[in-house]
Amino acid sequence: MSTKIRNKVQCDCKACNGKNVEERTRKRHIELERRLASSVSGFIPFLPENNRDKPARTALEIGNSPIAEGSSNSKKKAEQEESTSFDSNYESDFAVFVPQKRRRQDQFREPEFNHYENPGDDESNKPIDEYECDRDISSEDDSMVLSDDEIPVEQFTAPDNDSEFKYPDTNVNFADSWILMWIFKYQTRFRLSDVAIDSLIKFFQQVLTDADQRRFKDFPSSLYTASNLLQIGNQSKTYAVCPSCNTLYNITDVVAEEGFKCSHVEFPMKSKRKSCGTELTVQVPLANEIKRRPKLLFPLPNLRLQINSLYQRSEFKQQLRKWTNRHVDNGMLADIYDGEIWKNFPDTSDVPYFTPETADSHLGIMINLDWFQPFESSVYSCGAIYGVICNLPREVRFKKKNILTLGLLPGPKEVEKHKINHYLAPIVDELLEFWNGIEIPAAGKNIRLALICCSNDIPAARKLCGHISASASCHRCYKRANSNGNKLNFGGFDDMNEWFVDRDLEEHRQNAVGWRLCSSEDERRRYVSSNLVRWTELLRLPYFNPIRHLVVDPMHCLFLGIAHWIIKKLWIDGNKITKHDLEKMEQRAKTIQIPADLGRVPNKIATGEGFSRFTADQWKTFILIYAIPLMWDLLAEPDRKILGNFVRACSLLVCRIIDYNILNEAHERLLKVATLIEENYGPERITPNLHLCLHIADCCRDYGPLYSFWCFSFERMNGILGRLLLCRLFNYLSLY
Amino acid sequence: MQNWRLDALVSAQLNDIKLIEALKLIQPRATSGSLADYDNFKFAELYQFRKIFFQEVDDTIVGSEPFPGEMLTPSNVRVALPDNIYQILTDYYNNAYELQFVTIAESISTSSRDSIVVPNMVDQFGRVRISTEVFGSVMAPRYLKNANVLAKFIQNNEATDLFPGQVQYYFEHTIRISGELKTHRLAFIKWYKPAPNQKTRFYTSIDSNEKSSNIELWQNEFYDIERDCLIPIHYLYSRFVSSKFVVGGRKPISYKAVIPINRQFHL
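Each protein sequence line maps, in turn, to chains A and B.
Counting in my numbering, the first sequence runs from 54 upward without gaps.
Counting in my numbering, the second sequence runs from 73 upward without gaps.
Worth flagging that the hints you see were computed from the coordinates, not collected in a lab.
Don't take each hint at face value.
What the hints assert, rightly or not - Here are the simulated DSSO-like cross-link-like pairs (lysine-lysine), alpha carbons at most 30 Å apart as the crow flies: (1) B:271 with B:323; (2) A:622 with B:316; (3) B:123 with A:396; (4) A:694 with B:316; (5) A:452 with B:114.
As the list claims (entries may be wrong) - Some chain B residues near chain A, calculated using beta-carbon distances under 7 Å: (6) 82; (7) 87; (8) 115; (9) 162; (10) 317; (11) 320; (12) 326; (13) 329; (14) 334.
Stated by the list, open to error - Selected chain A positions facing chain B (in silico; Cβ < 7 Å): (15) 231; (16) 366; (17) 646.
These figures come from a predicted structure and were not determined experimentally.
Positions of the beta carbon are idealized from the N, C-alpha and C atoms, including for glycine.
Produce the complete structure using the sequences and hints provided.
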């Protein structure tokens, strides 16, 4: 049957874009788009009625083939669909999203989805199991798949844990537990290794039993028994991960059978479904048996538990409310609360989400994803997703004890492009639940959580929000890289009015959904390079805007990006600054005395290629303080202008309190820098960073001064986490 | 990043005195750069303070207003001011209040009933912390780098301008004014002389726009000591870094480059 030659018809879906495909495929695509439309708010399906002349023509060509009926059928459905999807506000989206925990377990359609399909269609009321239906033979049935999980597109869902979540009991059945608690606190305070703590506990036991045999007979004799007693350690859900495609599995399932292979299908819409097939476990020889252990683990720290323990602090609620007591006016931006996003973040029914009345129950979090190398001598890079509660006042917001950990992505390499979705899926599930509100016992009420900002370096940002690489296109405006010459660049500022416009969110969502329809690696690649987006699980959050909520990080862009690039690539490599000049600069730098709290720049400017191993903070100090007195007379006229404008822009932006005038001037100066570089060095020298810095002013309008959203505040956490990993303080991450 | 379970356990047992006492042993030491100092201040107070150092208020600031910070060591308690500074201080009070102040010497000769005698005993301080920043002075040699400050002055032609200076010391002076004891916190500053012309002063400006220059050039000499040398610490605008800057090829003249540091003050 599969060898039979079929009539080809035109398919209007996003993936095929008018190509001729088999009738069966087209039908499946139509059906699929319809379904996606119901799961993604505002997705406009490219259905026959969107361009009416084409399907009419196809129907003529095929004549009275039975499939033509099918398409008119789906057309009817689609009309219905549009009426539901367009007036759908967030409320109706919830109907789709909320019950997924349960929904994923049973394959049958639930009553609340009734309004999504044609009640007159008998076929569509039949529940169909994705795995049982034989795609090669059934042409009618597979187009009638119904609920979310049966869409034949790549699924990024985490397996359900059967265990119901319980808040652990805080009563410890041991009178002198305060000693143990103190020891554990002592460990975290001084970052001691488990071995050290183990012997400390043993010593305590000896001392205490020596003092009072009867009273301390229950005192634990090792770290293991102590942590069991306090139930420390079972704080995160852990998944087994497929090392090649990053699909998540329950550990119990994986360990249960021998040689468990990954069953993830990347392109389920293909007739030949090929699963990943990577083995997930390794054999670990123990003393008298051989145990199976997952190769890779993904610890998912429990968000509820973290929020709950924050609310247990007595001063926490008061801190959350502190922002309501401030009244900043006349265009001044002093904190994230003065930005557009905080002021206008919409709730489900178009009322503001952040109000003084809900200050301690509606939380807004900002997340940061970053990869870092915990080990010095080996190449191993793991990622972490942090969350910061923006309701907290700035002085405590970035404190270690207030930072939430949403996930720890295992190594040994950074996750590739869209595969991060596997990790994001369970996090997004949790965030969706929190958007509806979760009862937190310590708070005594429903707590809601919204993701209001993503602050990342560029590569992580692209992965997180599903944008194409920064060297190909900007994620905030319609500027695309030019490819004149052999390098991509962002040159050309004359037609700025045309492209310096915010991207359309609906378009992004549609394109992202369209990406899921691609049925091969090649097709995906082509799709991304023409539509610039990939699917990201974050799109399942009904309120999330992957364009506006993804800020350009000023730390990476201005200091590690532009400052570094102008001085090293433009001037040192371009021989504007010679080795001799560098030595002169070093001499001068030594005479400048700066206050201790600013962080001195290393004395060795001239060593190596020049400015080797400068950190972001050192670049910041260099630009703000050293740059002009050191370099002014070494540079010629156009370069002086570039430097002057850039330094001025940076020193304006780095103010802790800014206003719209400052932002406008800084923006003008940055634009000047970019145009000057284009004039003097040619358009091929306009790097993505030089383009992205033009969006910093917009980000400030949305989120307040740089201090409230740049990555400096997060980078520190990586250092802390790295050291914890080194001394195995975390039993989180098993490294393979 | 910490053990959430452990935190939950600890906060559940906060009434256990033994645990609280023990946890105090491992409390991290508070650092001076901590933002937590803002806790004691209401937003309105901070906002008012910010307006003061931006010179956006119309009232005269006399130096006895509250400020978010404290005076720091080294300090000399109850020392007498030198005669010339004492005279300036009296002038300062005369300007600040619409009352008549006299020095002790003057009070003997004039014997006017209405005049207030200014005592010449002060508490001298080497440093002052305002919100998260520590301003130093010549009196505290280790903090000399923090002694360079900028302050805003309103000039005769109503324009405000920033002037660089070097703080010699800070002092607290208590005086009884209309029956009320008031403590004034003042800074004694020596001001630098400006460069001979605007072109030199804004040497590093671009497109001959004075605003575009981040740094300014000033001379390495001080003005003579006069009435302006005393200002309330509220008026300290920011610190600056100074560096040597040589202008001219054939006849090089070296100036002082004034590089302002952004104020670490937030609301």
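- Query: Within a Cα-Cα threshold of 30 Å, do residue 452 of chain A and residue 114 of chain B meet the stated pairing?
  - Reply: holds, 21 Å
- Message: Quick check on residue 317 of chain B please, does its C-beta sit within 7 Å of some C-beta on chain A?
- Response: holds, 6 Å
- Does the interface hint hold: is residue 366 of chain A within less than 7 Å of chain B, judged Cβ to Cβ? holds, 6 Å
- Have a go at the residue 82 of chain B hint: is there a Cβ in chain A nearer than 7 Å to its own Cβ? holds, 6 Å
- Please verify that hint: residue 326 of chain B, Cβ, nearest Cβ of chain A, below 7 Å or not. With a closest approach of 11 Å, the residue 326 of chain B hint is violated.
- Query: Quick one, are residue 271 of chain B and residue 323 of chain B close enough, alpha carbons at most 30 Å?
  - Reply: holds, 17 Å
- Task: Closer than 7 Å between Cβ atoms is the bar; does residue 115 of chain B clear it against chain A? Give me holds or violated.
- Result: Since the shortest Cβ distance to chain A is 4 Å, the answer is holds.
- Item | Hint check, residue 162 of chain B versus chain A [nearest Cβ-Cβ separation less than 7 Å] | Given a least distance of 34 Å, the restraint on residue 162 of chain B is violated.
- Query: Can the hint on residue 320 of chain B be confirmed by a CB-to-CB distance to chain A that is less than 7 Å?
  - Reply: It is violated, given that the least Cβ distance between residue 320 of chain B and chain A is near 10 Å, above 7 Å.
- Item | Pair hint residue 622 of chain A and residue 316 of chain B, alpha-carbon separation not exceeding 30 Å | The given pair, whose Cα atoms are some 28 Å apart, holds under the 30 Å limit.
- Taking 30 Å as the top limit, are the C-alpha atoms of residue 123 of chain B and residue 396 of chain A close enough? holds, 24 Å
- How about residue 646 of chain A: closest beta carbon in chain B under 7 Å, or not? Since the shortest Cβ distance to chain B is 5 Å, the answer is holds.
Hint compliance for this structure: hints 7, 9, 11 and 12 are not met, and every other hint is.
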